[in-house]
Structure formats: structure tokens, C-alpha cells
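Chains as they are written, first to last, in our numbering: chain A, 1 to 321; chain B, 1 to 551.
In short, the hints are calculated from the structure, not lab data.
Check each hint, because a few of them may be wrong.
With a Cα cut of at most 30 Å, we get these calculated DSS-like pairs of lysine-lysine [said to hold, decoys possible]:
id : chain 1 : residue 1 : chain 2 : residue 2
1  : B       : Lys314    : B       : Lys273
2  : B       : Lys440    : B       : Lys93
3  : A       : Lys154    : A       : Lys64
4  : B       : Lys543    : A       : Lys313
5  : B       : Lys93     : B       : Lys116
6  : B       : Lys529    : B       : Lys543
7  : B       : Lys116    : B       : Lys432
8  : A       : Lys203    : B       : Lys66
9  : B       : Lys66     : B       : Lys8
10 : B       : Lys501    : B       : Lys432
11 : B       : Lys529    : B       : Lys273
12 : B       : Lys424    : A       : Lys203
13 : A       : Lys313    : A       : Lys283
14 : B       : Lys543    : A       : Lys283
15 : A       : Lys164    : A       : Lys313
16 : B       : Lys119    : B       : Lys62
17 : B       : Lys116    : B       : Lys424
18 : B       : Lys62     : A       : Lys203
19 : A       : Lys203    : B       : Lys543
20 : A       : Lys281    : A       : Lys203
21 : A       : Lys164    : B       : Lys529
22 : B       : Lys440    : B       : Lys116
23 : B       : Lys424    : A       : Lys164
24 : B       : Lys93     : B       : Lys176
25 : B       : Lys98     : B       : Lys66
26 : B       : Lys543    : A       : Lys164
27 : A       : Lys154    : A       : Lys105
28 : A       : Lys281    : A       : Lys316
29 : B       : Lys273    : B       : Lys237
30 : A       : Lys203    : B       : Lys93
Some, not all, of what chain A presents toward chain B, calculated at C-beta under 10 Å [stated by the list, open to error]:
id : residue
31 : Glu14
32 : Lys164
33 : Arg188
34 : Asp207
35 : Ser209
36 : Leu213
37 : Ile214
38 : Lys221
39 : Asp302
For each residue, glycine too, the CB sits at the ideal point set by N, CA and C.
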Amino acid sequence: MTSWTEMQNRSFYEATARQRAKYLLDEGTFHELVGPEAGLSSPHLPVLGEAVSFDDGVVTGVGKIGRRPVFVISQEGRFIGGSVGEVGGAKMVGVFQSALALYEKAAAKYPGDESRLPAILISFETGGVRLHEANAGLLAHAEVMEQIQICRGKIPVLSLVGSKLGCFGGMGFVSGATDLTIMSELGRVGLTGPEVIEEVLGKREFDASNRALIYRTTGGKHRHIMGSANYLAADTIHAFRAQVQRILALPYAEITAHRSIGSPALVEEQLGLTALAAEIKPKDAAEVWAYYGNANCETIPDLSTDEFLQHVKTRKGGSAS
Amino acid sequence: MSEHNSLKRDRTARIQAAIPLVKMGKVVEAANTVALLETVIRPGDKVNIEGNNQKQADFLAKELCKVNPEIVHDLHIVQSAIALDSHLDIFEKGIASKVDFSFAGPQANRLARMVKEGKIQLGSIHTYLELYARYFVDLTPRVAMVAAVQADVNGNLYTGFNTEDSPAILEATRFKQGIVIAQVNEIVDRLPRIDIPADWVDFVIEAPDPFYVEPLFTRDPAQITDAHVLRGMIALKGIYAEYGIQRLNHGIGFDTATIELLLPTYGEELGLKGKICSYFVLNPHPTLIPAIEAGWVESVYCFGGEVGMEDYVKARPDIFFLGPDDSLRSNRAFGQVAGHYAIDMFIGSTLQIDKYGNSSTATAGRIAGFGGGPNMGCDPRGRRHSSEAWLRCGAEDGILHERTGGLPRGRRLVVQMLETFGEKWAPSFVEKLDAWELAKAAGLDIPPVMIYGDDLSHIVTEEGIAYLHRCSSLEQRTAAIRAVAGFTEVGMAADTAETAKLRELGIVKTPEDLGIDLNRANRNMLAAKNVRDLVTCSGGLYKPPARFRNW
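Chain A on its own, in the form it takes in the complex:
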């Protein structure tokens, strides 16, 4: 059996949903909620002759980081592309509801002590809605969005994106609605996946077989320069965990200062970006990096995470880490 300590140095990109959920938390504290033994699987897939998974592709649980109770939602890309269906969606919502219930109790018991209050981590690996159960999947997205809003002012909700499939489709919106996002350079966030863009707009517009292009456009480094990935971590479970630890040690107001939606000023900021894109009409992400003051943009993809964080200039000025 590989020890908790050994697992810390493993690749976050390669880790399974359950490994991410378990090893992001303090050693020995992870407790899975509605795990495979509960046998809750999709009622829709058997009707279509598809195999089910006993966790429906989402691992949910709770454990601790320091004194904080931390809830985790972790998506498994190996099961139907990490897609969100009815049962998986309900499990996600259940995590928010449990966290909120615990928040009320903890806030009453430890008034003024934020270090005792719960937090939620979402480790995304998904293409969004599970098309086999489209309506239920869409509803799950809306419900999770609502829960994030209910958590405002109470529970920090952190997005972690660094797994194989990235975070696409409706879940791209969901990650954007959380309080902040941690990515590795291997993480990708977007709405429409590369293959779909190519199919709709043609190979000249976007060549989905060009992985370097995909990473320049949706990968962690680009997202960090643009400010939508607030933190960039190296590709180990430890690096993500250490970043989460540092963030959760901050006051709630500071953690949520990174939000990209939720106020008229933030809406203005987003609209400003749209206008800028229309003005400079970049042909490639590297042109945007240059716009924000970076030199030698063609070498940026090759930099290690540390070198990148030391040298790169971001939209918001300097590095957020």
C-alpha cells in the first residue's frame, strides 16, 4: 500500500478522483459520503444499455485540513468523461447542503473563529452535462450554481483544475462561479471543447489535433495570465494541497476577493475584456501574452511552473501567487 506521504508527490494530473479527494485532505481524515457501497448509480444508463459506476463518476466526502472541516467533490474523467448526471449532481448538491448545515452549527459554537468553519473543494474533471441524461444533468448544473450562491458570505468554495480532461461545458461556468480557481499548467478550462469548435468552425479556425494550441488557449498558464486561474500550482497532489492550505489560512474576505462574478464592477471588467478582444483581434494566445507585457512569448509554454511564476506578467499585474 502506498503511504499518504508517498502519494503527495504523485501527479495530480494522473490521480483518480478518489485519490485526489483523499490525499488533498489531512492524513487519515477523509470520509467518503455516499460512496460505492451505497450503490447509488444512474437509473438512466441501464435503459440505454450503458454500464454504470457505483459512484456515478463523482467522489464526495469530508475530512479536515488543519482545524477546518473540508468537504470535497471530485470528478472522475474515466467514467463517461466525468460527465454530470442526475445521481452525481445530487451528490454534489448534497455536499453543499451538508457543508451549510455544518456551517450553521460551527458558526454558533465558535463565534469569530474562521479556522473552525467548513470549506468546499471541487476537483473538476469533466466535459459537462452527461448527454445520456441531459435534462437531469442540466438541472444539476443549475442546482450547483444556486448552492454556490447560497454559500456566499459563509463558506469558501475553491475550484481545482489539473486533471486529464480539464473542465469544460457547463462545468466551465460552474468553476468560474466559485470563489477562486487553482490550476496546474496541465489543467484546461473552457466552455466548448476543442473538437466541437473544430467541427463547427473548421480546422482553420481551431485545429483540435494541435494540442500545443489547445493548451495555449485553454491551459493553466494562459488562464493564469488572464486572471481566471488565480493560482498556478505544480503538478503534484502536494502542490495543490499546499496552495489550498495557504488559501484556507486567509480571512474569508481575502479568499473571496478573487471572485470573477458577483458585482457590477466585475461585470464591467468582463465586458471590457470582450471589447479588448474585438479591438486587438488576437490570432493566438501568445499575442495576448505580449499585449500584457511579456517578451519571448514563444518560450512561455516551455517554462517550468516556478520559472513561469517568477517571470511572467499577468493581466492583473504581477503574479497572484
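Dock chain B against the given chain A, drawing on the hints supplied.
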């Protein structure tokens, strides 16, 4: 009195007719390509368009589609690969009618359909080496169209990193009074080195785009599964170590890529460095980088190049065969000869294997061809030199007495590695190969078999190894195959008592018999887990194509 100089007179006449199209030296403008082809190619000619599973004379192939079929028709295409749309378009358009080839890969479905519809008259499907051989006997091209990196105005060619089939095709064509046309990426004043001398070349055309090269041998370590690692560990311990395999070829695929990545880790742990895998006949596989950097490899001869490996190969002259300009020379004909005669083991994957051990990559709707597989995946009957591994495998032959009366003879190890179920849960072990269906549908004389059962010495699956050559009868051989065939139809017929007996005889070995700890068979055993690791390991010399970069 019979005429003895008709070929040369015909050649001279065709070249004379094309003189108005020549701009300078041997250079013809790209815009005049169709006119040139209509001038020098005659109906019924045997024509070669260079291409294999890597580089392609794609511009010339496309231009040949544009010739007037009333002028140029009924061509007999003799070439390694049917790989591009244009290779089959010439048949749709009535420009060509018959084909003799080796490998079809991406066009396999369309080729099968067109043969069935009677649009193509199929000659034979060859191995690369067989086809080269026939260029010098009865399939000599009248006109050859090849691809080179650079030319000078006199017609000297630099084929460089991707030399591949050019020397074999041109030697056969030009020395039998044929006509040679080369598409080049650029015309320069001075070539880095001369791979083909100008007097073998008649016309040179600077193509609008560089010739296409497929990065066919790049395997992304990120896609290697724990099951690959298990099979790799089984093969290393039960075959490489067991026989001390020093000279070998690795087929294309994730299984052998995995073994390359296990050498510096599991191989090192087993103390095998210097005892196995010193000499490869192999393309410059990016997954071989960690083993080369760890000092495992003495020599690699390449059939062709591999996109992105140019600088790395150039910086490792002790290992690779480089020209005076320090870039790789990859002469496929010599590579195939080396792979046929000078290796002690071929190990690769296949799609289907039948209960007797015959294997094939053909399925009912695809004429995929052979490439180089059969020449490496066989026991070469003409081999006379010996080596430890060859002698050992021969000494274990269960029917040596029936074959030679007991006279000692060595044997090549021919190993197939596969998961018992392949993509989309298609069983890898079958009662009858799909190749039978294909033979019937396409009117082939015999089912296209990549490796015959009697040449196959070992099968490796997640269940273990079957040492087929140790069997003393066909019945025992089928039992050994059943024993490693898992839950396929073939494997379900296995009898527990019978398998136990084969394990006692050492004809079947499970991971347990080999002392392999299943818990350690996971991706953490790999010396590189992704393409980025390979780049790092190469000191930044390996430059992967964009499609393999996730950064």
C-alpha cells in the same frame, strides 16, 4: 535481329520531349508538373510514387491525379504504401489500373472497397523487403517519383533524416533506364550532403509545401496503462532476461514503448544493463530516450526518421548512423535487411491471433498490408551466424528432432504482446482470423497473415507467457495459447489441470511463476510518464510535434 537498346532509346525520347519544360539544370517549375508527367509517363508504365508509413511524395501524387486520362492511363502502380487519398484517386480517375504494394494503413478501408468494386486490379501484397526485391526483378518502375529534403540545380538530392525508400527505388529505376522525378522542399546552392547523385535524377521540382511526414512512431507515455506496465514487466523478466536479448526490433505500439520506458527502472533493478537491449534496429522512438540517456544502448539503426527527433539524434553520434553533415541516414532497405537477419528477437503487438498462433492485423473490411512486420516477425531460414539468444531458443525447440533430425539449429525469438481484449472489447484471441473473410472478399490467394504460428515463439498477455516453441505438438501449442487467452472464447476452453501441467513443464508461466509483484505493476515504474518528461530527459533536444504537446 533482336533489339537490345529499346529501353534507352525510349528513355532518351521521353527526356528529349520534356526539355522545353526544364527551366535550368534539371529544375522544372511546380506549375509545369502535370505537363511533365503527361510528357514522360506512357500508358501501361509501371510507376512508383515514393511513400511509406512515414514520408510521402505527396505533391507529385496529387499532380498525377490531374493528368489527362486520355494521355496517361492503365498505369501499374508499384510502391510501398497506399497512404494518401491521391494514391487511390488515380484509380477512380482511370489513370491507373493495377497495384502492387506493401502497406495501406489509413487507406485500408477504401482500398478494400475499390478492389471489391473492381476499380483496382490487385497484384500482390508484399513486405517492404519483398517489394524492393521485385523492383530489381519483375516490378522495375519505368518512372519513379520521389521526395527529398533539398536538391541543387544539377539534380543532386539530400534526403537526410528521412532517406527511407529513396535509394532502393532510384537504384532500380535509373539503372534500368527508367525516369526519375524528385519533389524537394527547397532548391539550394549547396547540399549538406549528397544522398543521391545527380546522374540518377532527371527532373527536380520545388514543391509548394514540404513533403508530409507522419510521426508514426511517437507514443505518448501518458497513455500507457498499468496493464501495459504489467505486460512489460512480464516480458522483461520472462523473455529479455531469460534469453539475454541483445539485438532486437520493437514493433509499433504501447507495449514496446512501455518496455523502453521500463529499462532504466525495472530493468536496472533486475541488473540487466549491458546484458540486454544493446543493439536496436528501430526508428528513433522518443520513448527510447530515457534508456539511451541511462547508457543502455550501444547502437540504433533506423528505417526512417521520426518527427521532432532530428536534434536529439544529431547530438548522439555514438548511437545513431549519421552522415558527414551529422544528420541521420535512414536507408529503409538496409534497415529491413538488418531486421530480417541481424536481430535475435522481434517483439510487437497484433490485433488478432488464432488458436494456432497465426496473427493478423487484417479485418474483413480492410486491406492493411504488411509493411516490415513479416520480415522481422519470422525465423529467417537463411540465417547462419549464431548468438547466445538464438542458440538458446533453438535448443528449446520442442520439435527440433522432427525438423533437423536433432542437428543443432538456432531460432529467432518472435514475440507477440497483447491484451486479451483489445479496443472496444474486441477479443484478441479468436477461433478463426478475420483474414479468411478478407481473402474471400478481396479475391486474395491466401489469407494475409502477418506472423505465422510456426514462426511465433512467445505470446505475452496479462495472464503470463506462453513459450510456444517449447511445445512438442500442435495440440500442446493450442493448449498453451488457451492458457494465456484470458476470458476470450479461446481462453474459456482452457482446462485447469492441463494449464497446471504446462506450468510445470515451463511452457506457460504466470506473473506469479515469474516472481512479479502485481502491486508494483503501475505507471510509477515508468522512466517518463508523459512527453514533457521525454523532452526534459533529452535535455530539450527532442522537439515533439504540436499534437503531442500538452503545454
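Hint by hint, here is what the structure shows:
{"no.": "1", "hint": "B/Lys314 with B/Lys273", "in the structure": "holds, 24 Å"}
{"no.": "2", "hint": "B/Lys440 with B/Lys93", "in the structure": "holds, 26 Å"}
{"no.": "3", "hint": "A/Lys154 with A/Lys64", "in the structure": "holds, 17 Å"}
{"no.": "4", "hint": "B/Lys543 with A/Lys313", "in the structure": "holds, 26 Å"}
{"no.": "5", "hint": "B/Lys93 with B/Lys116", "in the structure": "holds, 17 Å"}
{"no.": "6", "hint": "B/Lys529 with B/Lys543", "in the structure": "holds, 17 Å"}
{"no.": "7", "hint": "B/Lys116 with B/Lys432", "in the structure": "holds, 22 Å"}
{"no.": "8", "hint": "A/Lys203 with B/Lys66", "in the structure": "holds, 25 Å"}
{"no.": "9", "hint": "B/Lys66 with B/Lys8", "in the structure": "holds, 28 Å"}
{"no.": "10", "hint": "B/Lys501 with B/Lys432", "in the structure": "holds, 26 Å"}
{"no.": "11", "hint": "B/Lys529 with B/Lys273", "in the structure": "holds, 21 Å"}
{"no.": "12", "hint": "B/Lys424 with A/Lys203", "in the structure": "holds, 28 Å"}
{"no.": "13", "hint": "A/Lys313 with A/Lys283", "in the structure": "holds, 20 Å"}
{"no.": "14", "hint": "B/Lys543 with A/Lys283", "in the structure": "holds, 23 Å"}
{"no.": "15", "hint": "A/Lys164 with A/Lys313", "in the structure": "holds, 26 Å"}
{"no.": "16", "hint": "B/Lys119 with B/Lys62", "in the structure": "holds, 19 Å"}
{"no.": "17", "hint": "B/Lys116 with B/Lys424", "in the structure": "holds, 27 Å"}
{"no.": "18", "hint": "B/Lys62 with A/Lys203", "in the structure": "holds, 21 Å"}
{"no.": "19", "hint": "A/Lys203 with B/Lys543", "in the structure": "holds, 23 Å"}
{"no.": "20", "hint": "A/Lys281 with A/Lys203", "in the structure": "holds, 19 Å"}
{"no.": "21", "hint": "A/Lys164 with B/Lys529", "in the structure": "holds, 13 Å"}
{"no.": "22", "hint": "B/Lys440 with B/Lys116", "in the structure": "holds, 10 Å"}
{"no.": "23", "hint": "B/Lys424 with A/Lys164", "in the structure": "holds, 21 Å"}
{"no.": "24", "hint": "B/Lys93 with B/Lys176", "in the structure": "holds, 29 Å"}
{"no.": "25", "hint": "B/Lys98 with B/Lys66", "in the structure": "holds, 18 Å"}
{"no.": "26", "hint": "B/Lys543 with A/Lys164", "in the structure": "holds, 22 Å"}
{"no.": "27", "hint": "A/Lys154 with A/Lys105", "in the structure": "holds, 12 Å"}
{"no.": "28", "hint": "A/Lys281 with A/Lys316", "in the structure": "holds, 20 Å"}
{"no.": "29", "hint": "B/Lys273 with B/Lys237", "in the structure": "holds, 13 Å"}
{"no.": "30", "hint": "A/Lys203 with B/Lys93", "in the structure": "holds, 28 Å"}
{"no.": "31", "hint": "Glu14", "in the structure": "holds, 7 Å"}
{"no.": "32", "hint": "Lys164", "in the structure": "holds, 8 Å"}
{"no.": "33", "hint": "Arg188", "in the structure": "holds, 9 Å"}
{"no.": "34", "hint": "Asp207", "in the structure": "holds, 8 Å"}
{"no.": "35", "hint": "Ser209", "in the structure": "holds, 5 Å"}
{"no.": "36", "hint": "Leu213", "in the structure": "holds, 6 Å"}
{"no.": "37", "hint": "Ile214", "in the structure": "holds, 8 Å"}
{"no.": "38", "hint": "Lys221", "in the structure": "holds, 8 Å"}
{"no.": "39", "hint": "Asp302", "in the structure": "holds, 7 Å"}
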